[in-house]
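Top line first, the protein sequences correspond to chains A and B. Heads up: the first sequence runs through residues 1 to 333, numbered per the working numbering. Heads up: the second sequence runs through residues 334 to 673, numbered per the working numbering.
Note that these hints are calculated values from the structure, not bench results. Watch out, some of these pointers could steer you wrong.
[Unchecked claim] Distance ranges between label pairs, derived from CB positions:
1. B:D464 - A:R18: 56 to 66 angstroms
2. A:S187 - B:E430: 54 to 64 angstroms
3. A:Y65 - B:N424: 38 to 48 angstroms
4. B:S377 - A:A24: 27 to 37 angstroms
5. B:E546 - A:E150: 47 to 57 angstroms
6. A:Y65 - B:L428: 49 to 59 angstroms
Glycine residues also receive a C-beta, built at the ideal position from the N, C-alpha and C atoms.
Chain by chain, the residues:
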Amino acid sequence: MTEPEPLLRTDGMSKHFRIGGGLARQTLHAVDDVSLEIGAHEIVALAGESGSGKSTIARLLARIYEPTSGEIYFSGRPLSRVKSRADQLAYRSDVPMVFQDPFSSINPVFRISHGVLRSLKLHRPELSRDERTAEAIRIFEIVGLSPAGEILNRYPHELSGGQRQRVGFAQALAMRPKLILADEPVSMLDVSIRIGLLNLMAQLRDEQGVSILYITHDIASARYVADRLIVMYAGQIAEQGAVEDVLASPRHPYTQLLLSAVPDPKAELTIGADTDRGEPPKVINPTPGCRFRFRCPVAIAACATETPKLLQLSPGHDAACHVAQSGAEVKAF
Amino acid sequence: MTHALADDRNGLASPVRGPVLEVQNLSVEYVLENKVVRAVDDVSFEVAPGEFLGIVGESGCGKSTLLFAIAQLLTPPAGVSGGTVTFKGENLVGLTEKELAAVRWRDMSVVMQSAMNALNPVTTIAAQFRDAMRAHGVTSKPEIERRSAEALRMVGIDPAHLKSYPHQLSGGMRQRAMIAMAMLFTPDLVIMDEPTSALDVVAQRSLMIQIKELQQELGFAIIFVTHDMSLVRHFSDRLMVMYAGQIAELGATRQVFDTPRHPYSSGLLDAFPSIRGPKVQLLGIPGRPPDLARPPEGCRFAPRCPRVQDRCLQAPVPLFGIDDVLVRCLRARDEVSAHD
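For reference, chain A alone in the conformation it holds in the complex (with noise of 0.2 angstroms):
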């Protein structure tokens, strides 16, 4: 190989899940052969309506779940022989999850300072009682808490769910993390403190050079924080690239279906006679095929039969589509 490692890569990565028992038992197929990779010092935006798989992915990256195939590298090594409690728990600290409530994700009955000096004291054990106490007040000014000695003081209830939300990045911050995984870490919050949480994102990879995988289901936002967007469908990938290269020439028929249907305010609405009802396929025991052809206007005979690659269209950008890899010009909304 020789390009430079990444700093994760995944290679045919799936998870499924059983459901029903007898009988009645099915495959559910939540993530299928994801191949990604994620860069030193960059964010990368996983966007896909709900079911899609993408939470399924932050929590196989956080190895709350295991992967069914496929593998997972860190700095070019093999997840799968991370197994010791302290190589685990040095993953753990390379690679912390922000989650998307808020208000659940911090004990309510402890002071905020409770999370953040316990992170520290497990993750860094070399530092004294005083030295996490200034690590903390480091770190929370970092992520805009401030006054940083009296916020820490303070309960869970006595902070905004934006304040809230950047606890729980000063909570990954303090264990020097490569890799923040953030589920939908704005979606909670009220509009007008989403956008500092977005730029606070952008400010911990210019500044502190972590890299984000940023889950969520608004592309507006996907472009303004994110370097690359990396777009799910039922469980796989359907296109990668650039964040402006997908903006700007969407390939995949689903991506354009996605990009339609964002408000914009500073734009007119358009609603074709065949604008899409249709809701994303739960993928149980699948056949070859796309999984997008049910909802897809510009499908072909091969995409019943098979199940359309990753391939590269032009350079950095690939879609998994059939009529796009013809090299037809893909128009579907």
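Guided by the hints, dock chain B onto chain A, whose structure is given.
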């Protein structure tokens, strides 16, 4: 295409003259042990028949409390502390539950936030529709079946799903089933509290279009509450921006979007990144809404306002009428008179 329910309207519904809803000086207070929180403060507006009024604001701005007050669904410690809610000529404030029952659902229906979880999980859709109709005096079995099927068909769900249980439907379908239920009696006013917030963009857009189509067909008025301004941009006739329990700005949707006059309105508009055009750095609105138990003495937005002046802090700011738009901002008023 005309639907059977649309025909019902011609025969049954009484014609409404003037506004279908008139809210005057409405205030709602939460009376707590050691403090009184005025969540809705002196709000007045009208809704015309067939109008689509959007209400936007952040959490805690009083928009949901306002809806509850209109539908008379407030429960202690919240209660209307002043003002009237006149629906089709009758003041709802102070009516008994029995009197309200005659109005609710028949003439005015409510689709609440996360309504998709409001369906009873252990009975079929048909049974829940039947209960609603029986409670309001429709007892004939064929009539119930006809209306149920028609209501589901209107929201784009195959009537075969009447036999389904809620868990057999997707989130979007459950949400549409709730809207169908609100349509059973072809109401004059449908109140919707963030009905699409649990849905994805694609499902969200399809539901918005569906709602708009239903409205055009059946002619009911809608009050649509959301925190997402861009969502109502293309659907609402008028827009009310609420801040800290008060109307900050109220006017034609187009006008509010094109020339927002209240700094909070423009702040909200600028808080959305766009997927088109050049990428610009955004700032959002720093700070947080005030504690309504101790609201600021002057303009309630002053602590967060980028254009604040000394006089904004002195006394409460009233609503000013500027070019058919109501705005609660001293500077917005002055800028207009400076042009005259």
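Against the structure, the hints:
1. B:D464 - A:R18: 56 to 66 angstroms: Distance hint for D464 of chain B, R18 of chain A is violated at roughly 37 angstroms.
2. A:S187 - B:E430: 54 to 64 angstroms: Violated, since S187 of chain A and E430 of chain B (Cβ atoms, about 37 angstroms apart) do not stay within the stated range.
3. A:Y65 - B:N424: 38 to 48 angstroms: violated (57 angstroms)
4. B:S377 - A:A24: 27 to 37 angstroms: violated (58 angstroms)
5. B:E546 - A:E150: 47 to 57 angstroms: Between E546 of chain B and E150 of chain A, where Cβ atoms are some 53 angstroms apart, the hint holds.
6. A:Y65 - B:L428: 49 to 59 angstroms: Because 54 angstroms falls inside the window, the suggested range holds.
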